[in-house]
Amino acid sequence: MCGASDRPPSGGLFLASSAENQMSEMRVRFAPSPTGYLHTGGARTALYNWLLARHAGGRFILRIEDTDRARSTREYLDAIIEDLTWLGLDWDEGPGIGGPRGPYFQSERADTYAPAIEKLLADGAAYHCFCTPEEIEERKKRSPKEGREWRYDRRCLDLSAEERESLLAEGRPAAVRFRVPEGTTTVDDTILGSVEFDNTELDDLVIARTDGTPTYNFVVVVDDLMMGITHVVRGSDHLSNTPKQVLIFRALGESPPRYGHLPLVLAQDGKVLSKRRGAVAVGEYRREGYLPEALVNYLALLGWSYDGVREIFTRDELVEKFDVAGIGRKPAAFDPDKLRWMNAQWIKRLPVSERTDRVLPFLVREGLVAEDLDAGERAHLESIVETVDDRLKTLGDIVGQAGFFLASDVIHDSIAVSKVLAKPGADETLAGLQQILSSAPDFEPATLEKLMRAFADERGLSLGKIVQPLRVAVTGGTASPGIFETLALLGRERSLARIEKARTLTG
RNA sequence: GGCGCCAUCGUCUAGCGGUUAGGACGCCGGCCUCUCAAGCCGGUAACACGGGUUCGAUUCCCGUUGGCGCUACCA
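Taking the numbering used here, I'd label the letters of the first sequence as residues 1 to 507.
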């Protein structure tokens, strides 16, 4: 028995009956609108769907909901695809690769909706509505409760067949409304459990606008149906849409997929993350030097936990461990500090060579190194990266941490100068160090350390007293990697030149 | 307003009737130390409130309060 996707997409109106879905592999989807950048909330939804599919050996489908032509742009679409790719969330069907249940752009699926609407109309599950928005607004205002609980009054449902035909015949604009049946609708949510809705709370929603275009709640159902989606995992802001969608599935003679609603991601102020409030685009993290491994790891743990103790997981480990049972039900606030920590953890785990690869673009961007390094330059850069060691929280930090190694000249930080170089004795110390460094037999860290400790002893100073002026002199600041390694990497020439320059700044 | 979801340290969370309520980030202190990181050690800090159920509730039920979401011919 092979997967549903092996079936040619040419059958009847609905390719994937739900019974078939349950028998076959898991099919999940991420369906972004290209009306903005992918931010952390959306990325987490995509990640959870991806993890679910990969864990279950199912298929992850990317569908682009670009029916809002006015707000959808190519730029956003490209950015979303780039970000998902960067995160390593590859899709089995969707833009770029196609698939058996395409097209995967909603804007190209227009002709698949009409037959479904016709079917609902024919079955009496939907009806034409001639009320104009103005008329409805008017009735709403006149309703007893000031329109607070107003529902569509079904005026057009009561039209006789003749009245309806004649209105249609005279070309009156008509929307199509879904007729919400009596009763209650239960959503059996894999995350929230069973949630019950009274159908009287549901309006007879418009499924096709006056201009004939279908609306979101309807389109989603048809798309999910035709794409054979078995599990829908999305933000809980969609929970109240769910009963409507379930009802449409049933009216179409199909069973809905399994739903799972994720608690929302909040900004630090406790409000829902949105483009306007605290949402940071995934691309922004990339440009700042966050690793996709770290972002994926952090996002996975934002609303899901394995055992409450372990928190570093590779993508593969997440695929192996991920389980809906571990998904929490409460909204989670995004914590930039924890992400930074997580990122540092991941950078630390990178071997020097790979760390160098990742850091390189950030140095190139600052003009500190050339894009194509020869073997010698490459080796030198690796030494620098090795020396900088665990001091990076983001890849971008390399610029501040190692810039002085690569820049042709030092820029002495004015605060460091007044705090260290301007102090009495600094100049003599530097003068003494010039002697030592110029006469050192070699420039190895161990040699330098031995010489400088002897120098400090001789003068009755602590090592720190002579190291700090030296550090400021050669690096320009008060914080840097170990001074001996730093000097060795800088080399005798440059070290001495910098000390010479620094002596013009001493008090 | 209506409907819905949620409720353990500031934040992310573990807990699934009996625990000194555990871990992590952050913060504070110490160790290490040539500075800064990292690392190690220690500390800080939580079951929203009120009723039940029970021998016993953080845990189960109800209510209150609070937070959030949805309430379109947007998606």
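Worth flagging that the hints you see were computed from the coordinates, not collected in a lab.
Warning: the hint list may mix true and false statements.
Listed below are the simulated EDC-like cross-link pairs for lysine to aspartate or glutamate, each with C-alpha atoms no more than 16 Å apart in a straight line [stated by the list, open to error]:
hint	residue 1	residue 2
1	501	382
2	140	237
3	393	485
4	348	323
5	348	397
6	450	413
7	465	449
8	348	413
9	348	382
10	393	337
11	348	389
12	465	428
13	321	311
14	330	485
15	140	123
16	338	382
17	501	386
18	141	153
19	423	409
20	330	254
21	465	427
22	271	237
Derived CB-CB ranges, DEER-like [to be verified]:
hint	residue 1	residue 2	range
23	25	186	36 to 44 Å
24	167	142	16 to 24 Å
25	306	119	20 to 28 Å
26	314	507	49 to 57 Å
27	188	96	28 to 36 Å
28	210	340	24 to 32 Å
29	306	153	46 to 54 Å
Just so you know, these numbers come straight off a predicted model, no measurement behind them.
Note that the Cβ used here is the ideal one computed from N, Cα and C, for glycine as well.
Self-check item: Index of numbered hints that the structure contradicts, given in increasing order
Solution: When the structure is compared with the hints, numbers 1, 2, 3, 4, 6, 8, 14, 15, 16, 17, 19, 20, 23, 25, 28 turn out to be violated.
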